Amino acid sequence: MAESYYIVIVGCGRLGGMLANRLSATGNQLVVIDRREAAFDKLSTEFSGFRIVGDASELDILRQANTAKADYLFAITTQDNVNLMVAQIARKIFDVPKVVARVYDPARETIYREFGIDTISPTKLSAEAFLGQVQTNKRGTV
Amino acid sequence: MRLIMVGGDKTVYFLARQFISRDYHVTIINRDLARSKELAEQTGATVVFGEGSDIRRLEEAGARRANVVMALTSHDQDNLITCQIAQKIFGVPRTMALVNDPENEMVFEKLGISVVFSATKVIASLIEQQADFEEIQMLMPLANGRINVTDVRLDADAPAIGKSLAELELSRGALIACIIRDDKVVVPHGDTRLLFNDHLILISQPDNQTEDLMRLCGLQT
Chain A
1 MAESYYIVIV GCGRLGGMLA NRLSATGNQL VVIDRREAAF DKLSTEFSGF RIVGDASELD
61 ILRQANTAKA DYLFAITTQD NVNLMVAQIA RKIFDVPKVV ARVYDPARET IYREFGIDTI
121 SPTKLSAEAF LGQVQTNKRG TV
Chain B
1 MRLIMVGGDK TVYFLARQFI SRDYHVTIIN RDLARSKELA EQTGATVVFG EGSDIRRLEE
61 AGARRANVVM ALTSHDQDNL ITCQIAQKIF GVPRTMALVN DPENEMVFEK LGISVVFSAT
121 KVIASLIEQQ ADFEEIQMLM PLANGRINVT DVRLDADAPA IGKSLAELEL SRGALIACII
181 RDDKVVVPHG DTRLLFNDHL ILISQPDNQT EDLMRLCGLQ T
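In the order they appear, the protein sequences are chains A and B.
Residue 1 is where the first sequence starts when you use the numbering used here, and the numbers rise one by one after that.
Residue 1 is where the second sequence starts when you use the numbering used here, and the numbers rise one by one after that.
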């Protein structure tokens, strides 16, 4: 990556940790927010970004993360509604140019995509991957 | 009137009973099975068991025909998403959300929720006012807390005693709407003099309220 971005990641689970480590390794400025301090265990020793313990659905925590300066915000906690709320706040109040929320419920995912919030549904992605397997194994008999 | 309430605490229980007694059609969505059964038995409302922000549960609860959806859980994010889905998918004309974090009041309004109320803020202001002035009872906040109606009793040492309303020099936004004197209602004029034990029904704006109350009741210890 030639350019360095300021990236806020909300939720330091397996996915959040992995993204934070990789994006930090490629020279971006990272802030990771999680409600539990223990979640930061997943960050590698090379991780050079900031850690904030707190609930990102509180405006104050997003302010602490200097969200208004962010180029990207990824909302990937385990709760769909937290992700959707944080994504909307980042977009509409802090004017973050690119915001993506993880949403497990495919129905909710479709709706919010229509409202202009970028969403990723792991449920849908996995389903597609599995279905893709079924079709390839049919050896062209589709 | 058809309304859907999401949540399950005492507020929901009492609101449901009140609305049902006014012949409103009430449906509650609650995410705890045991509590759902309890609410159904105690209120007579239809209760849907599940998440209020789940599209299918809202549909089951009759969101398509609902006039109002009230999201009253203790989780702001769930209240927000419930109201947005009710509005955008089911076209519910009026959505009301409880916010627990007072800062979210502004956030929810920006994100299009029709009515937002912050219990924390209302309770905090009630407590502050009660704590400052014992003789003063907040009757109701109006216009989202921009106007307060208070009942002010004049103690023996209140500085307002013996003064006329004109002499009081209350702030421009304040009005003594009526005086309750010996259980009779007196509509005051500029030259009406205030007496010990008068109950004043004061309409005022929070910004100047403390000052006005000082003029009426004096310093509190």
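It is worth saying that the hints were derived from the structure and are not from the lab.
Any given hint might turn out to be false.
Stated by the list, open to error - Chain B side only, calculated, beta carbon under 7 Å to chain A, not exhaustive: (1) Q77; (2) D78; (3) V186.
Remember, it's a predicted structure, so these values are computed and weren't measured experimentally.
Ideal Cβ placement from N, Cα and C applies to all residues, glycine included.
Problem set entry | Hint status (Cβ of B/V186 to nearest Cβ of chain A, threshold 7 Å) | Interface hint status for B/V186: violated (47 Å vs cutoff 7 Å).
Exercise. Are B/D78 and chain A close enough, Cβ to Cβ, to be under 7 Å, as the hint says?
Worked result: holds, 5 Å
For this session: Identify whether the interface hint at B/Q77 stands, where standing means a beta carbon of chain A within less than 7 Å of its own.
Result: holds, 4 Å
Of the numbered hints stated above, the single one contradicted by the structure is hint 3.
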